[in-house]
Amino acid sequence: EAGVAQSPRYKIIEKRQSVAFWCNPISGHATLYWYQQILGQGPKLLIQFQNNGVVDDSQLPKDRFSAERLKGVDSTLKIQPAKLEDSAVYLCASSQRQGSKLFFGSGTQLSVL
Amino acid sequence: GESVGLHLPTLSVQEGDNSIINCAYSNSASDYFIWYKQESGKGPQFIIDIRSNMDKRQGQRVTVLLNKTVKHLSLQIAATQPGDSAVYFCAENSGGSNYKLTFGKGTLLTVNP
Chain A
109 EAGVAQSPRY KIIEKRQSVA FWCNPISGHA TLYWYQQILG QGPKLLIQFQ NNGVVDDSQL
169 PKDRFSAERL KGVDSTLKIQ PAKLEDSAVY LCASSQRQGS KLFFGSGTQL SVL
Chain B
947 GESVGLHLPT LSVQEGDNSI INCAYSNSAS DYFIWYKQES GKGPQFIIDI RSNMDKRQGQ
1007 RVTVLLNKTV KHLSLQIAAT QPGDSAVYFC AENSGGSNYK LTFGKGTLLT VNP
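In the order they appear, the protein sequences are chains A and B.
Counting from 1, position 74 in the first sequence corresponds to residue 182 in my numbering; the numbering is continuous, with no gaps.
Counting from 1, position 110 in the second sequence corresponds to residue 1056 in my numbering; the numbering is continuous, with no gaps.
Note that these hints are calculated values from the structure, not bench results.
A quick note: this is a predicted structure, and the numbers were derived from the prediction, not measured.
Among the hints, erroneous ones may be present.
Unchecked claim - Below are the DSS-like pairs computed for lysine-lysine, each with C-alpha atoms no more than 25 Å apart in a straight line:
1. A:K170 <-> A:K152
2. A:K186 <-> B:K988
3. B:K1002 <-> A:K170
4. A:K123 <-> A:K191
5. B:K1017 <-> A:K209
6. A:K179 <-> A:K123
7. B:K1051 <-> A:K191
8. A:K186 <-> A:K123
9. A:K191 <-> A:K119
10. A:K119 <-> A:K186
11. A:K119 <-> B:K988
12. A:K152 <-> A:K209
13. A:K191 <-> A:K152
14. B:K1017 <-> A:K170
15. B:K1046 <-> B:K1002
16. A:K170 <-> B:K1046
17. A:K152 <-> B:K1017
18. B:K1002 <-> A:K186
19. B:K1002 <-> B:K1014
20. B:K988 <-> B:K1002
21. A:K123 <-> A:K170
22. B:K1051 <-> B:K988
23. B:K1014 <-> B:K1051
24. B:K1051 <-> A:K179
25. A:K152 <-> B:K1046
26. A:K152 <-> B:K988
27. A:K179 <-> B:K1014
28. A:K119 <-> B:K1017
29. B:K1051 <-> B:K1002
30. A:K179 <-> A:K191
31. B:K1046 <-> B:K1014
32. A:K186 <-> B:K1046
33. B:K988 <-> A:K209
34. A:K186 <-> A:K152
35. B:K1002 <-> A:K119
36. B:K988 <-> B:K1046
37. A:K209 <-> A:K179
Said to hold, decoys possible - Some chain A residues well away from chain B (every beta-carbon gap over 10 Å; in silico):
38. I121
39. Q125
40. N160
A virtual CB, placed ideally from N, CA and C, is assigned to each residue, including glycine.
Hey, can you work out the whole structure from these sequences and the hints?
Here's what the structure looks like:
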């Protein structure tokens, strides 16, 4: 079974630039999550989708971050404009349904200079 | 507020020894707990979980203990191997039926051959 796919693997940008990350969850998984993991810390939930609807985006900095999951499959997370403190690994995870086991992708490591 | 933390940020053991990784949580309403393993450059990988109506659960070489009285969770790894070297996170479901995972900071386990 293919795992959660994320791209790009690494991204380096300058502050105030824009960046987008892409996630393809495990086939058939209805729930999709985006997490931010700052170096030395545990992952922090940014947004959770159930199919193509948002379940929880309470910790998403909506002035600069946006995410969508059109058609309830792939998802993109965008940052515009980026700040230095956005440097982190952005992890995508999916689960069959809300409350079932999460499977994580390898993440996108973002460096904002 | 809600928080999940670890007592020890680093743990170094000899190959073949047993390892114990500890975690404290503060939300007494949390009903589900998970241990994740994260190797360098990879996303977190599910190890074992436990619901709040249990106090012990065993897997292959791993055991999770839950003490709700003192809000403490531990992960025991038997006969630790070099491949067990990684960062270990505990996570709690702080969202009830909405299933929102809050991760702790992590413990780095190093297994010396």
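Verification of the supplied hints:
1. A:K170 <-> A:K152: Distance ~15 Å between K170 of chain A and K152 of chain A Cα, so the pair holds.
2. A:K186 <-> B:K988: Holds: K186 of chain A and K988 of chain B sit about 21 Å apart, inside 25 Å.
3. B:K1002 <-> A:K170: Cα-Cα ~40 Å, so violated.
4. A:K123 <-> A:K191: holds, 5 Å
5. B:K1017 <-> A:K209: Since the Cα atoms of K1017 of chain B and K209 of chain A sit roughly 22 Å apart, the hinted pair holds (cutoff 25 Å).
6. A:K179 <-> A:K123: The given pair, whose Cα atoms are some 31 Å apart, is violated under the 25 Å limit.
7. B:K1051 <-> A:K191: Roughly 23 Å separates the two Cα atoms, so the pair holds.
8. A:K186 <-> A:K123: holds, 14 Å
9. A:K191 <-> A:K119: Roughly 14 Å between the alpha carbons, so the hint for K191 of chain A and K119 of chain A holds.
10. A:K119 <-> A:K186: holds, 13 Å
11. A:K119 <-> B:K988: Within the cut-off at roughly 16 Å; holds.
12. A:K152 <-> A:K209: Holds, at about 17 Å.
13. A:K191 <-> A:K152: holds, 17 Å
14. B:K1017 <-> A:K170: Roughly 33 Å separates the two Cα atoms, so the pair is violated.
15. B:K1046 <-> B:K1002: Within the cut-off at roughly 22 Å; holds.
16. A:K170 <-> B:K1046: Holds, at roughly 19 Å.
17. A:K152 <-> B:K1017: Judged against 25 Å, a Cα distance of about 21 Å means the pair holds.
18. B:K1002 <-> A:K186: Judged against 25 Å, a Cα distance of about 41 Å means the pair is violated.
19. B:K1002 <-> B:K1014: holds, 11 Å
20. B:K988 <-> B:K1002: Between K988 of chain B and K1002 of chain B the Cα gap is close to 28 Å, so the pair fails against 25 Å, i.e. violated.
21. A:K123 <-> A:K170: holds, 17 Å
22. B:K1051 <-> B:K988: holds, 16 Å
23. B:K1014 <-> B:K1051: holds, 20 Å
24. B:K1051 <-> A:K179: Status violated; Cα separation ~34 Å.
25. A:K152 <-> B:K1046: holds, 10 Å
26. A:K152 <-> B:K988: holds, 16 Å
27. A:K179 <-> B:K1014: violated, 41 Å
28. A:K119 <-> B:K1017: violated, 39 Å
29. B:K1051 <-> B:K1002: With a Cα-Cα distance of about 23 Å, the restraint between K1051 of chain B and K1002 of chain B holds, given a limit of 25 Å.
30. A:K179 <-> A:K191: violated, 30 Å
31. B:K1046 <-> B:K1014: holds, 19 Å
32. A:K186 <-> B:K1046: holds, 22 Å
33. B:K988 <-> A:K209: holds, 17 Å
34. A:K186 <-> A:K152: Roughly 16 Å between the alpha carbons, so the hint for K186 of chain A and K152 of chain A holds.
35. B:K1002 <-> A:K119: Given pair K1002 of chain B, K119 of chain A is violated - Cα atoms ~42 Å apart, limit 25 Å.
36. B:K988 <-> B:K1046: Measuring from Cα to Cα gives roughly 22 Å; hence the hint holds.
37. A:K209 <-> A:K179: holds, 22 Å
38. I121: Holds: least Cβ distance 20 Å, greater than 10 Å.
39. Q125: Non-interface label on Q125 of chain A holds, nearest chain B Cβ at 24 Å vs cutoff 10 Å.
40. N160: holds, 18 Å
Consistency note: the structure conflicts with the earlier hints numbered 3, 6, 14, 18, 20, 24, 27, 28, 30, 35.
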